[in-house]
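Peer 1: These are the residues of each chain, in order.
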Amino acid sequence: MSLLSQAISDPEYPMSRPTRLPTDWKSDVMRKRIARRYAAERRFRLLGMGAVLLSAAFLAFLLVTMMGNGLRGFTRTEIALKVDFPASPLLLDPATITDEALSQANLPMVTGAVAKKALGGDADVLLSPTAWISIRDAIKADPKILGRTETIRVPASTAIDLAAKSKGSPEAEAEVARLKQLGVLSTGFNWNFLTASDGTDPTQVGIWGAFKGSLLTMLVTLVLSFPVGVATALYLEEYAPKAWWTDIIEVSINNLAAVPSIIFGLLGLSIFLNFLHLPRSAALIGGMTLALMTMPVIVIAGRNAIKSVPPSIRDAALGIGASPVQVVFQHVLPLALPGILTGTIIGMARALGETAPLLMIGMRAFIATPPGGITDPATVLPVQIFLWSDEVSKGFVEKTSAAIIVLLIFLLAMNGLAIYLRNKFETRW
Amino acid sequence: MTGPAILLLLAGLGAIAWVSARARALRLQTAARETGRRDAVHSLPGYHGWYVALWTLIPAGIFLAVWANVSPGLVTQAVLADPAAQSLPADAFSRSAILGEARAIATGLQTGAFNPASQALVEPYAQATSTYGVAGAALALILAFAGGAYAFTRIRPDFRARTRVERLVMTTLLVASLLAIVTTLGIVASLLWESFRFFSMVNPLDFLFGLKWSPQSAAMGYGNDDAFGAVPLFWGTIFIGAIIAMIVAIPLGLMSAIYLTQYATPTVRKWMKPTLEMLAGVPTVVYGYFAALTIAPALRDFAVMIGIHGASSESALAAGLVMGVMIIPFVSSMADDSIAAVPQSMRDGSLAMGATTSETITRVLIPAALPGVVGGVLLAVSRAIGETMIVVMAAGLAANLTLNPFASVTTVTTQIVQLLTGDQEFDSAKTLAAFALGLVLFVVTLLLNIVALRVVKKYREAYE
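As you go down the protein sequences, you meet chains A and B in turn. According to the numbering used here, the first sequence is numbered sequentially starting from 1. According to the numbering used here, the second sequence is numbered sequentially starting from 1.
There's no promise every hint is true.
Simulated pairs of lysine-lysine, DSSO-like, Cα-Cα distance not exceeding 30 Å [as the list claims (entries may be wrong)]:
{"#": "1", "chain 1": "A", "residue 1": "K32", "chain 2": "A", "residue 2": "K116"}
{"#": "2", "chain 1": "A", "residue 1": "K307", "chain 2": "A", "residue 2": "K165"}
{"#": "3", "chain 1": "B", "residue 1": "K212", "chain 2": "B", "residue 2": "K457"}
{"#": "4", "chain 1": "A", "residue 1": "K82", "chain 2": "A", "residue 2": "K394"}
{"#": "5", "chain 1": "B", "residue 1": "K458", "chain 2": "A", "residue 2": "K242"}
{"#": "6", "chain 1": "A", "residue 1": "K117", "chain 2": "A", "residue 2": "K26"}
{"#": "7", "chain 1": "A", "residue 1": "K242", "chain 2": "A", "residue 2": "K82"}
{"#": "8", "chain 1": "B", "residue 1": "K212", "chain 2": "A", "residue 2": "K307"}
{"#": "9", "chain 1": "A", "residue 1": "K394", "chain 2": "A", "residue 2": "K116"}
{"#": "10", "chain 1": "A", "residue 1": "K144", "chain 2": "A", "residue 2": "K82"}
{"#": "11", "chain 1": "A", "residue 1": "K82", "chain 2": "A", "residue 2": "K26"}
{"#": "12", "chain 1": "A", "residue 1": "K144", "chain 2": "A", "residue 2": "K165"}
{"#": "13", "chain 1": "B", "residue 1": "K457", "chain 2": "A", "residue 2": "K144"}
{"#": "14", "chain 1": "B", "residue 1": "K458", "chain 2": "A", "residue 2": "K424"}
{"#": "15", "chain 1": "A", "residue 1": "K165", "chain 2": "A", "residue 2": "K424"}
{"#": "16", "chain 1": "A", "residue 1": "K165", "chain 2": "A", "residue 2": "K116"}
{"#": "17", "chain 1": "A", "residue 1": "K424", "chain 2": "B", "residue 2": "K270"}
{"#": "18", "chain 1": "A", "residue 1": "K117", "chain 2": "A", "residue 2": "K140"}
{"#": "19", "chain 1": "B", "residue 1": "K457", "chain 2": "A", "residue 2": "K82"}
{"#": "20", "chain 1": "B", "residue 1": "K273", "chain 2": "A", "residue 2": "K242"}
{"#": "21", "chain 1": "A", "residue 1": "K32", "chain 2": "A", "residue 2": "K82"}
{"#": "22", "chain 1": "B", "residue 1": "K458", "chain 2": "A", "residue 2": "K307"}
{"#": "23", "chain 1": "A", "residue 1": "K394", "chain 2": "A", "residue 2": "K424"}
{"#": "24", "chain 1": "A", "residue 1": "K165", "chain 2": "A", "residue 2": "K180"}
Not the full set, but computed from the structure, chain A residues with beta-carbon under 8 Å of chain B [said to hold, decoys possible]:
{"#": "25", "residue": "A40"}
{"#": "26", "residue": "E41"}
{"#": "27", "residue": "A51"}
{"#": "28", "residue": "A57"}
{"#": "29", "residue": "Y239"}
{"#": "30", "residue": "V259"}
{"#": "31", "residue": "S270"}
{"#": "32", "residue": "M360"}
{"#": "33", "residue": "I385"}
{"#": "34", "residue": "F396"}
{"#": "35", "residue": "I409"}
{"#": "36", "residue": "F410"}
{"#": "37", "residue": "L411"}
Read the hints as simulated data drawn from the structure, not as lab findings. Each residue gets a CB set at the ideal place from its N, CA and C atoms; glycine is no exception.
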């Protein structure tokens, strides 16, 4: 007879232990208790949902604010200026229009005089300091207009631009009302913003110079960090013997990935600038500094990608007589390449948005012409944003936000490409 | 001959070497195979091609690199030996100015000379430059031919070309991976060297424990003694990065991770996770601008409304809040990883005992995942205190030692940017102080990372 049935058959058994009645789940106490626990459960769940939504709401708020400010930066207010060329003090022969003749014709002054005549009063302050460029371009495009009266759209000044788009000073608002009555105000797409470089007046600035600087810097970064990063990842993952010095390499890479970016700026300043005397503010050093930052990212992503290639591939290749170098370069690397590329794009996107180290190596100078090569002084998009954010003039607010929109679009495109690559080429072994 | 032309010529030679060596190896190997000695063939023809091409390119390339550094000195010597240089002034400075002008004219950077003495030197300069240029090119070509010819004579069916080429590949890989150590050493060396110079002017104890930070007054000549007390900076950094930012990031990040891993449907998770990760992808300069333009004025108005004195338009709270938001995805992904690492059996056990999901999370999962979460928070702190642009744009420059979150404080990174982006003289304590601050930042983030990784690793091992 087993112990259990013995216990059950023993009439004394239940009496020998304290009685414990089955829980009465229907009782008031238990119902309240369960209700309380379920309420806590719901609260916790809502708390979690709230945290997610709050974070997402912050992102949305940020993007909406930037859009709200920045979309206006892509448009500009234009004033239709009736220019009576024969009657203007402009001394130009339609037959011989050269750049030199145009630059000697004192167009800025003529533009001011024409504006006073057409719009009355102190109308020359209503125009952007760069308004004469529109007139020059019109003359260049068709010299025949010099013989007749022509209506040319020229950019308005910052004050008018602000007043026309949103809220400006009372005087500017009054002027805008007057101009509207004359029917000369219009809004056009600001092509100048995409083709010009930094300037002193918000109506004349553009992002092309900074954008080109970013492209050159990224090119240098990619050319330096990609080969070195991939080579390091291959070496560490495939060949490195287990030794104290490979441990040091590994520790340094992991540390470099966590070092604050501004420290790389200090390194670039003291080694590249003060020790090697490379050209200051140039895309070359910017790229070198960012390459040092990007390389650990590529190494870590590359090692994960290489690690995920199954050993059977290596064994098969070795088995039919490939050398270790052949195995890696003909089999492992091609299979790991999509993963490595994804990591590289993410690292490059981070480098594209980086500002602090570039400030350290002098890329915050005022540069009004786009760089011609990697040794020319240049600035990059994030630094341009930083510089414009420091400007006092109110017209720069929308320009800064517009530049941010451009930067965000590029980052989004790069990250989208990385996600696309990952989804398209991801192999589950 | 110009540099690009030589490089192009060398590249052409390398290609020719590759093609011809490969063809020869192929012929030899076919011949060897026809005699029936298959085992006598070692490497594929392509490896012979690479072997010869590398022998053509590498010695000549090394020579050109050396020559590019040596030849300017040789040219100058040749010019100084010229009779026209006998009349040069003796002092080094004006001599080098004249030589520089002559060089600029000779290379076409400048058209006319200010100094007649340099005009006389233009002709010798151009001559010497072209002489040494031709000599360098000729030597490089000779080396290329010699290297290629030597390698070419070694082509035989049983020559181990592949082994040689692969040895070079391995060396290249090794050198590439050593660059990481070189970079680390470069950082440590440059920070230590400049900090050492700083501490020879300022007492390290005054720097680490001083309560007054005013490098401007030191620069204006009031002495270095009590101008470089970095405690207000350390406090500002901790206040913003480790306190305010974490008060925002830890609850939001942790709760987001819990909701997305434990409650959310797969669709929600699929969309919300990348959305939250976008927060980490926004450049810091954008956050900084957002904080300065939108958050900081709103907070100041709020502070004025509730009657707080000393509310500044650049506040610790604005910078800290925005930085906290930036860190959310970081905390959330670390928490995600450590919760996922808790064995499923523990969760199942708790649920089987009748605990609700939230009870399981708060009493089983979180305690079990705590070391991982703590490690993640430490990593987040190390990232927050090294963050630069948000604080530069939103936290201000006033080195206040205050507990008021609406007041302006300054941080280590802000001051580094501030000290190094003005006019720079590299011997002043003001400039060198930036490197000392950088050293402190580097050491602290390094320690935080080491501790965090150790905590995370130890905890992983406990469950594996």
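Peer 1: Give a verdict on every hint.
Peer 2: Here is what the structure says about each hint:
Restraint check for A:K32 and A:K116: the C-alpha separation of about 83 Å exceeds 30 Å, so the hint is violated. With a C-alpha separation of about 56 Å, the suggested pairing of A:K307 with A:K165 is violated against the 30 Å cut-off. Annotation: proposed proximity of B:K212 to B:K457 is violated, straight-line Cα distance about 40 Å (limit 30 Å). Pair hint A:K82 plus A:K394 holds up; C-alpha atoms about 29 Å apart against a cutoff of 30 Å.
At roughly 21 Å between alpha-carbon atoms, B:K458 and A:K242 fall within 30 Å of each other, so this suggested pair holds. Pair hint A:K117 plus A:K26 does not hold up; C-alpha atoms about 93 Å apart against a cutoff of 30 Å. With a C-alpha separation of about 80 Å, the suggested pair A:K242 and A:K82 falls outside the 30 Å cut-off, and the hint is violated. The suggested pairing of B:K212 with A:K307 is violated, with an alpha-carbon distance near 52 Å, which exceeds 30 Å.
For the hint linking A:K394 to A:K116, the alpha-carbon distance of about 25 Å falls within 30 Å, and the restraint holds. For a cut-off of 30 Å, the pair hint linking A:K144 to A:K82 stands: about 16 Å separates their Cα positions. A distance of roughly 90 Å separates the Cα atoms of A:K82 and A:K26; the hinted pair therefore is violated under the 30 Å criterion. The hinted pair formed by A:K144 and A:K165 fails the criterion: a straight-line CA distance of about 34 Å is larger than 30 Å.
Under the criterion of a C-alpha separation no larger than 30 Å, the hint pairing B:K457 with A:K144 is inconsistent with the structure, at around 78 Å. For the hint pairing B:K458 with A:K424, the CA-to-CA distance comes to about 36 Å; that exceeds 30 Å, so the pair is violated. Distance check on the hinted pair: A:K165 and A:K424 sit about 44 Å apart at the alpha-carbon level, beyond 30 Å; violated. Straight-line distance between C-alpha atoms of A:K165 and A:K116 comes to about 23 Å, which keeps the hinted pair within the 30 Å bound.
Between A:K424 and B:K270 the alpha-carbon distance is near 17 Å, which keeps this suggested pair within the 30 Å criterion. Among the hinted pairs, A:K117 with A:K140 is consistent with the structure: their alpha-carbon atoms are about 23 Å apart, no more than 30 Å. For the hint linking B:K457 to A:K82, the alpha-carbon distance of about 75 Å lies beyond 30 Å, and the restraint is violated. The hinted pair formed by B:K273 and A:K242 fails the criterion: a straight-line CA distance of about 37 Å is larger than 30 Å.
Restraint check: the Cα-Cα separation between A:K32 and A:K82 comes to about 83 Å, which exceeds 30 Å; the hinted pair is violated. For the hint linking B:K458 to A:K307, the alpha-carbon distance of about 22 Å falls within 30 Å, and the restraint holds. Simply put, A:K394 and A:K424 have alpha-carbon atoms about 46 Å apart, too far for the 30 Å limit, and the pair is violated. The hinted pair formed by A:K165 and A:K180 meets the criterion: a straight-line CA distance of about 13 Å does not exceed 30 Å.
Hint status for A:A40 relative to chain B: holds, with the closest Cβ pair at about 6 Å, below 8 Å. This hint holds: A:E41 has a C-beta 4 Å from the nearest C-beta of chain B, less than the 8 Å allowed. A least Cβ separation of about 3 Å between A:A51 and chain B falls short of the 8 Å threshold, and the interface hint therefore holds. Checking A:A57 against chain B: minimum C-beta separation of about 10 Å lies over 8 Å; hint violated.
Interface hint at A:Y239: satisfied, since its Cβ lies 7 Å from the closest Cβ of chain B, which is below the 8 Å cut-off. Against a cut-off of 8 Å between C-beta atoms, the interface hint on A:V259 holds, since the closest Cβ of chain B lies about 7 Å away. Taking 8 Å as the C-beta cut-off, the interface hint given for A:S270 holds, the closest approach to chain B being about 4 Å. Checking A:M360 against chain B: minimum C-beta separation of about 6 Å stays under 8 Å; hint holds.
Below 8 Å, beta-carbon pairs count as interface contacts, and A:I385 has one with chain B at about 5 Å; its hint therefore holds. The interface hint given for A:F396 is broken, as the beta carbon of that residue sits about 11 Å from the closest beta carbon of chain B, more than 8 Å. Taking 8 Å as the C-beta contact cut-off toward chain B, the hint placing A:I409 at the interface is violated, the least distance being around 12 Å. For A:F410, the shortest C-beta to C-beta distance to chain B is roughly 10 Å, which exceeds 8 Å, and the interface hint is violated.
Taken as an interface hint, A:L411 checks out: its beta carbon lies about 6 Å from the nearest beta carbon of chain B, inside 8 Å.
Comparing the model with each numbered hint stated earlier shows that hints 1, 2, 3, 6, 7, 8, 11, 12, 13, 14, 15, 19, 20, 21, 23, 28, 34, 35 and 36 do not hold.
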